[in-house]
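Chemist: Chain A is fixed; fit chain B onto it per the hints.
In case you want the letters, here they are:
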Amino acid sequence: MRKALLTMAAACAMTTVFAMSAMAEENKLSVYAWDPNFNIPALEGAAEDYKANVNPDFELEIITQSGSSDVEQAVTLAANAGDYSELPDIVLFQDHYIQNFVMTYPDAWIPVEGADIDWSDFGEEKLSYGLIDGQHYGVPVDNGTAIFAYRVDLLEQAGYTIDDMTGCTWEKFIEVGEAVKEATGKYLLCMDGSGNDLMYMMMQAEGQSQWKDGEPYITENETLKRVMEVIVEMLQKDILILGNDWTDYTNSIIQGDMVAGVMNGNWIIPTISSVPENSGKWELTSLPTLDGGEGYAANGGSALYITANCDNVDLAKDFLAKTFGGSKQTYDYALKNGGVITCCLSAGESEVYQEGVEYWNDQAIYSRIVEMGGHIPVVEQSDYHYQLRQLLGAALINTLSGADLDSEMAAAEEQMRFTMGL
Amino acid sequence: MNKKSKGMSVRRKQEAAGWLFLTPATILIMVMSFWPILQAVFTSFQTGAGVNMKWSEPLYNNYIRMFKDKLFLRSVGNTFLYLLIQVPIMLILAILLAQILNNKDLKLRGFFRTCIFLPCATALVSYALIFKSLFATEGLINHVLVGIGILKQNYNFLGNPTSAKIVIIIALLWRWTGYNMVFYLAGLQNIEYSIYEAAKIDGANGWKSFWHITVPLLRPTIIMTVIMSINGTLQLFDESVNLTAGGPANSTITMSHYIYNNSFNTGAPNFGYAAAMSFFVFVLVAILALINMKVGDTRD
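Going down the list, the protein sequences come from chains A and B. The numbers in the first sequence follow this note's numbering, run straight up by one, and end at 422. The numbers in the second sequence follow this note's numbering, run straight up by one, and end at 1300.
Next up, chain A with everything else stripped away, as it sits in the complex (with noise of 0.2 angstroms):
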């Protein structure tokens, strides 16, 4: 007994004297993120630039998790238990998330407010989901703007350039869909079945939304049951294929070269190229839409919080500012090395940006995703978002296996307000 006690007391002192240590570490701050080829050599970009530009005692502590989800757990777990002590004094993860962050723990954040940022020099869209009552919560880190990127070369086979894609009708793009199964063999749309975007990013490139004053509009939207008929259409004709999961659509479809074109967050970007005998093969622009033009869209950027156990705010805001904010040398080394494209107009400007890319046919992909970053019609956005997706991507397959779309969306309307409790 007198043993346990003992060993206990020396545990308290141990903690106090790491507490105690961790206080003295005034440069420091400790940073979540999980992408080991994308935003974490974005973070190590941004330390390097503001040790050498501001606070050449600064100190930053990557701690990788595996998945944005994790960040998003570590964050709920530590709020329903009240106790932040063990969340980092920064945390990145994905945009949807924040504002239902904020409503439902608002000590657990901290805003920017104060730190010195240019905000008009951001895309209004990505800003939308981290400004919550006039209040700035987020940096944005990564770019969510949509792409949608076609094997030029395939298309070729089928009698098409990228020039017949950009702005064309989805009608259309069914048209080019077979010629290009039937010359081909590929599938010229996937995505992940188990995480459908293509609805939400479909209707965000009509100026659209699943959701009107909060509540979800599915049944008497117009838009979303054309899209959701050009989805099925485009499944039965077996011109658009989904994934069982993430890495099923990745590894095997993507990069197991079954497809002719990839529509989804430009993220997806380092996915495509690291299949080395297709350089040169790609070429990518912006999404059709229903009656044709130009389609915009955003899907899955992320922006860096600072959480309520950080101890040292004032250096966690200067150290944003000063590098996320619009450092151009924090964001050309994000986009060397981890392919991280920047939210901040001006940075886009930077030289490296105009640069044409040999993997993708010499083409200056990382400016025209900027300048089609500025063009994202802000659209009504949910805390809700990931379930209706799950509901929309059930009634999609349910449709596919002969249910009817008409009572499917219905359906997934009726248990969407209930699970809201409408």
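Since the hints were derived computationally from the structure, they do not count as laboratory data. Here the structure is a predicted model, which means the values were calculated and not measured. Hints may contain errors.
As the list claims (entries may be wrong) - Short, incomplete list of chain B residues facing chain A, as computed with Cβ under 8 angstroms:
| # | residue |
| --- | --- |
| 1 | A1049 |
| 2 | G1050 |
| 3 | V1051 |
| 4 | L1158 |
| 5 | E1197 |
| 6 | A1245 |
| 7 | P1248 |
| 8 | N1250 |
| 9 | N1265 |
Positions of the beta carbon are idealized from the N, C-alpha and C atoms, including for glycine.
Modeler: Just chain B now, with coordinates in the frame of chain A:
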């Protein structure tokens, strides 16, 4: 303590020592298990999360709500489907394997026993992931089936509601049959060999002695494995999450997975509702175990 207890009798001393030894465990179980369970009861009467957490209106709302929730009912249906199909197949296989491997004349008995038990040493997540890659559209099973001409082209096992359920059941059978077999093997050791000899003399064949000797004498073991399997199946989680992610279109989602989805990975957690559904699972397990014990009770 020594000085105080001088006045105690030997019996009192022993009792006091007993209580003393029990106290740490009791306190730990109170603090670590019972108190959280009690908190979960309170949570189950609430709705929302964080600062928006409030008492439900009416208080038992979450408990009514789940019976109107089509997705929850679907997850209950899926779980019972696994239960009704997988558990009987698994237990019959386990008992047959145990019987075969209990044969004293069988060569390499230890080797076979180890082989069949080995799957249980695999972590749940790893084996689910292995099954996922085996049954992937470009996976081994497809290659073999196409290679020997059973399938014309690769079949998307995990993308079709029925085949995805079958894959989960196959995975469960692989993982848990050996585990239950070990209990039966242990039970079989307790059956006197002379009983079988007597049966043989009376003219019973292997099948008859299995049904009339082995099964009745293994009854306590069978009841235990049935309860454990029901309990395990009702809490099925890893396979649903890792093998199929509940899909396609929620056709393989289990109760525990749905409960988890209501707490995490959604952006709008509902811990109160999730807690209420957990208590529903708890009650189900209790009822099924009770029925099982009553049915298995040989007393009149």
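Chemist: State for each hint whether it applies.
Modeler: We went through each hint and held it up to the structure:
At about 5 angstroms, the closest approach between the beta carbon of B/A1049 and any beta carbon in chain A falls short of 8 angstroms, and the interface hint on this residue holds. The beta carbon of B/G1050 is positioned within 8 angstroms of a beta carbon in chain A (closest approach about 3 angstroms), and the interface hint is therefore held. With its C-beta approaching chain A no nearer than about 6 angstroms, B/V1051 sits inside the 8 angstroms limit, and its interface hint holds. Interface restraint check: B/L1158 against chain A, minimum CB-CB distance 5 angstroms, threshold 8 angstroms, status holds.
A distance limit of 8 angstroms between C-beta atoms decides the matter here; for B/E1197 the minimum to chain A is near 55 angstroms, and the interface restraint is violated. With its C-beta approaching chain A no nearer than about 5 angstroms, B/A1245 sits inside the 8 angstroms limit, and its interface hint holds. For B/P1248, the suggested interface contact is upheld, since its CB lies about 5 angstroms from the closest CB of chain A, less than 8 angstroms. Checking B/N1250 against chain A: minimum C-beta separation of about 5 angstroms stays under 8 angstroms; hint holds.
Look at B/N1265: its Cβ gets to within about 6 angstroms of chain A, closer than 8 angstroms, so that hint holds up.
The structure fails to meet hint 5 from the earlier list, while all remaining hints are met.
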